[in-house]
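Protein sequences appear in the order of chains A and B. Here the first sequence stands for residues 1 to 151, where the numbers follow my numbering. Here the second sequence stands for residues 1 to 266, where the numbers follow my numbering.
By construction, these hints were calculated from the structure, which means they are not laboratory data. Careful, some of the hints might be misleading.
As the list claims (entries may be wrong) - In silico EDC-like cross-links for lysine to aspartate or glutamate, where the CA-CA straight-line distance does not exceed 16 angstroms:
no., chain 1, residue 1, chain 2, residue 2
1, A, Lys80, A, Asp130
2, A, Lys80, A, Asp46
3, A, Lys40, A, Glu119
4, A, Lys54, B, Asp85
5, B, Lys59, A, Glu7
6, A, Lys80, A, Glu7
7, B, Lys51, A, Asp69
8, A, Lys54, A, Asp73
9, A, Lys40, A, Glu7
What the hints assert, rightly or not - Selected chain A positions facing chain B (in silico; Cβ < 10 angstroms):
no., residue
10, Ile94
11, Ser97
12, Gln99
Claimed, not checked - Computed footprint of chain B on chain A; a stretch qualifies when at least three of its residues, placed anywhere within it, have a C-beta under 8 angstroms from a C-beta of chain B:
no., stretch
13, 19 to 28
14, 38 to 49
15, 77 to 87
16, 117 to 124
Glycine included, every Cβ here is placed at the ideal spot set by N, Cα and C.
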Amino acid sequence: MRTRNVEILVGIFLVAGMLAVLALAVNVSGYSGANSDTYKVYAHFDNIGGLTNKAEVTLAGVQIGTVTDISIDSQLLVAKVEMEIFSEVNYLSIDSSVQILTSGLLGGKYIGLSVGAEEEVLVDGSLIEDSQSALVLEELIGKFLFDKVSD
Amino acid sequence: MKNIESLLDGFAAIGRVSLDKLAGLGRATMVIAYALLVLPQPSTNISLTIKQLFNVGVKSLLIIVVSGLFIGMVLGLQGYTILVDFGSEEAVGQMVALSLVRELAPVVTALLFAGRAGSALTAEIGLMKATEQLASLEMIGVDPLRRIVAPRLWAGFISMPILSMIFAIVGVYGGALVSIEWLGVYSGSFWSVMQQSVDFYDDVLNGMIKAFVFGIAITWVAVYQGLESIPTSEGISQSTTRTVVYSSLMILALDFVLTALMFGDI
């Protein structure tokens, strides 16, 4: 009986170790397979300026999804960003606009979504037409200097 | 003439010490090679290994969980007070998770494991040697390397990565508790910034590899020190001390090497 108790405790120990790895994979490193309770929407950007995979998608600052893929659209030659939105957020109108923003002064990039006025809502596979690219500091400084010189 | 004689004595002393050390290294390699590579006897070995897993793994859980929780909480607290000055307190999740998974979980777990389980291994085997249990085993035709050493080595190798992963996940949740519940960091950004920066293969698996290597180092040192101990009470106490000191130093040195290989561009 005592051996059996030892075996049970060791079994629990090994399973706890596997669960810890699983929790680290899913919760901490965001390693996820096909996530069923989300839907995908897409947007095109002229410049993503440092946006990365797994970045937040927010509505009014509250997270409603994550960026899952960033690629080049080979026809339009712009960046194509794939976002997974939580399925309970099913009220985003089709004319919503997305914007790449920076959290804090030094923080990472995230996508801010603003809802439009249409009745029709975004569904799986929709493309968000209205997008605003990331603010690239070098371009901004370049413009500023150019304006100064032309004055 | 006398000068030359004393000079030769000096050389002889150096030679003796180096040969001793080298022979010790050789014996240690023989121990691990024989214990792991001799034909295994699955039926007895597995049940013995399970018993040792209980001794070194399950019984170390409490100290690992408690230290993981507190280290995670302290990281959350310290990280928050620094990052809030820069207005990027969301990055506290990234800081807690990366420092735990890459560095603190394997190293602190290994140091605790050396103190909690390594010293016990040395004392146990040393006492077996002092009371001539090892010699008696040999006399009745049982190989002590197979019966005593191999299960302890395997148990150490298996336990360390598991303990380290448990340490890491408990620490991350400790950090989350402090930052989200008490300090009011927004939970969405906390987790998403963490997931953005932590990679499963680069960070979590490399942390596991580190823990596994430390497990080998600790159990190897502990078992060897036990087998080599002078069979007196003083000798056993010295070996136990040596186990903790040597394995701690090895952990820190190996950690630098592994970090340079895994994360540094050296």
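Hint by hint, here is what the structure shows:
1. A:Lys80 to A:Asp130: 13 angstroms, holds
2. A:Lys80 to A:Asp46: 9 angstroms, holds
3. A:Lys40 to A:Glu119: 19 angstroms, violated
4. A:Lys54 to B:Asp85: 25 angstroms, violated
5. B:Lys59 to A:Glu7: Holds: Lys59 (chain B) and Glu7 (chain A) sit about 13 angstroms apart, inside 16 angstroms.
6. A:Lys80 to A:Glu7: 53 angstroms, violated
7. B:Lys51 to A:Asp69: 47 angstroms, violated
8. A:Lys54 to A:Asp73: Cα-Cα ~19 angstroms, so violated.
9. A:Lys40 to A:Glu7: Judged against 16 angstroms, a Cα distance of about 46 angstroms means the pair is violated.
10. Ile94: 24 angstroms, violated
11. Ser97: 20 angstroms, violated
12. Gln99: 17 angstroms, violated
13. 19 to 28: holds (count 7)
14. 38 to 49: violated (count 0)
15. 77 to 87: violated (count 0)
16. 117 to 124: violated (count 0)
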